[in-house]
Amino acid sequence: MPRPTALTVRPGVRGAAFPDRRRRRESATAWAFVSPSVLVIVGLSVVPVLWSLLLSFQSSDLLTPSSWVGLDNYRQLSDDPQFAQAVRNTLLYTALYVPLSIVLGLALALALNRRLRFTGLYRTLFFVPFVMSATSQGVLFSFILDPEFGAANSLLHRIGIGSQGFFSDPDQALFALVAVSVWSGTGFCVVIYLAALQGVPKELTEAARLDGAAHRHVLRHVTLPSLAPVSVFLVLWQTVNALQVFDLVYVTTKGGPLGATSVIVYFIWEQAFRNFTAGYGAAAAYVLAAALLLGGAGLRLARRGGGVRPVKGAGA
Numbered sequence: 001m002p003r004p005t006a007l008t009v010r011p012g013v014r015g016a017a018f019p020d021r022r023r024r025r026e027s028a029t030a031w032a033f034v035s036p037s038v039l040v041i042v043g044l045s046v047v048p049v050l051w052s053l054l055l056s057f058q059s060s061d062l063l064t065p066s067s068w069v070g071l072d073n074y075r076q077l078s079d080d081p082q083f084a085q086a087v088r089n090t091l092l093y094t095a096l097y098v099p100l101s102i103v104l105g106l107a108l109a110l111a112l113n114r115r116l117r118f119t120g121l122y123r124t125l126f127f128v129p130f131v132m133s134a135t136s137q138g139v140l141f142s143f144i145l146d147p148e149f150g151a152a153n154s155l156l157h158r159i160g161i162g163s164q165g166f167f168s169d170p171d172q173a174l175f176a177l178v179a180v181s182v183w184s185g186t187g188f189c190v191v192i193y194l195a196a197l198q199g200v201p202k203e204l205t206e207a208a209r210l211d212g213a214a215h216r217h218v219l220r221h222v223t224l225p226s227l228a229p230v231s232v233f234l235v236l237w238q239t240v241n242a243l244q245v246f247d248l249v250y251v252t253t254k255g256g257p258l259g260a261t262s263v264i265v266y267f268i269w270e271q272a273f274r275n276f277t278a279g280y281g282a283a284a285a286y287v288l289a290a291a292l293l294l295g296g297a298g299l300r301l302a303r304r305g306g307g308v309r310p311v312k313g314a315g316a
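For the sequence shown, the working numbering begins at 1 and goes up steadily by one.
Certain hints may be false.
[Said to hold, decoys possible] FRET-style restraints, in silico, Cβ to Cβ:
#: 1; residue 1: 160; residue 2: 43; range: 57 to 65 Å
#: 2; residue 1: 300; residue 2: 54; range: 23 to 31 Å
#: 3; residue 1: 293; residue 2: 209; range: 37 to 45 Å
#: 4; residue 1: 84; residue 2: 235; range: 49 to 57 Å
#: 5; residue 1: 27; residue 2: 48; range: 24 to 32 Å
#: 6; residue 1: 158; residue 2: 76; range: 49 to 57 Å
#: 7; residue 1: 241; residue 2: 162; range: 31 to 39 Å
#: 8; residue 1: 257; residue 2: 224; range: 24 to 32 Å
Calculated directly from the structure, the hints in this document are not laboratory data. Predicted model, so just to flag it, every value in this text is computed and none were measured. For glycine and all other residues, C-beta sits at the position ideal for the given N, C-alpha and C.
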């Protein structure tokens, strides 16, 4: 007579059916707890993304029934001088803000990584602007950079420099926005680089110094290669933030003067909620999304392809 196995169900004996039922009950209980979060994520992210994608192929003002126009919105974008200006402004803003914030953040992190008095206070002061909302920054610098009553022009008068237009000057407005953004965004780079500097192998720096390497050589051949993965992350993070800048523009210049600070996200908002051409704005939003995806994928491919390699011995 064959011996009963673990899967054999005998009368009066609890067999393998009960573990299956128990797993189903546990799975149902888990989904009961997770389902509210899943519904929120689907309702507030997935559904709007799909709806806006369909909207980009339609002519809609969000009030009357929409009509299908296919790729006409995208074709119109290619011929729109305002959109071209917004793209140029966004690219210039990104090209200035990203390297300035990263280089300045690295320099400050290297300075604060030494044994200094009140180092904790300095780190806090550099990070405080980052946690301020963009709205608060815009209101603050709207007063400071006011061309008539601002503190900036008052200080310039004292050192013999004439009044500047800042946000009201088409030639200066975008650069003023970059300066405000660098002031607020550098603190994040400082904190990230300070954390990364703690992971630089001390045995490599000590070996380099014993070999007679100067401080700049240690920085160039040991410290910076070890920080390369963090630098790639910061480039991607700061680029995404720069391409999506909106709050600061809305509070300070509203795209002016003469469109000098009109960026892509502000252009999208203006088309959708001021001109009531929601389909056209959605098409511009998906152009921006495609640019973000391509930029992120390019950085990842560059890193995987050997564009960023840790220094030998860093993992020892």
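For the pair residue 160 and residue 43, does the Cβ-Cβ distance stay inside 57 to 65 Å? holds (59 Å)
Return holds or violated for the Cβ distance of residue 300 and residue 54 against the range 23 to 31 Å. Once the Cβ atoms are compared, 29 Å apart, the range 23 to 31 Å for residue 54 and residue 300 holds.
State, for the Cβ atoms of residue 293 and residue 209, whether the hinted interval 37 to 45 Å holds or is violated. Given range 37 to 45 Å: holds, Cβ gap about 44 Å.
Could one say that the CB atoms of residue 257 and residue 224 fall in the range 24 to 32 Å? violated (41 Å)
Quick check: does the Cβ-Cβ distance between residue 241 and residue 162 fall within 31 to 39 Å? The hint (31 to 39 Å, Cβ to Cβ) holds, given that residue 241 and residue 162 are roughly 34 Å apart.
Hint says 49 to 57 Å; check whether the CB-CB distance for residue 84 and residue 235 agrees. This hint is violated: roughly 25 Å between Cβ atoms.
Residue 27 paired with residue 48, Cβ distance criterion 24 to 32 Å: holds (29 Å)
Return holds or violated for the Cβ distance of residue 158 and residue 76 against the range 49 to 57 Å. The hinted range 49 to 57 Å holds for residue 158 and residue 76, with Cβ atoms some 51 Å apart.
In the structure shown, a violation is registered for the earlier hints numbered 4 and 8, in ascending order.
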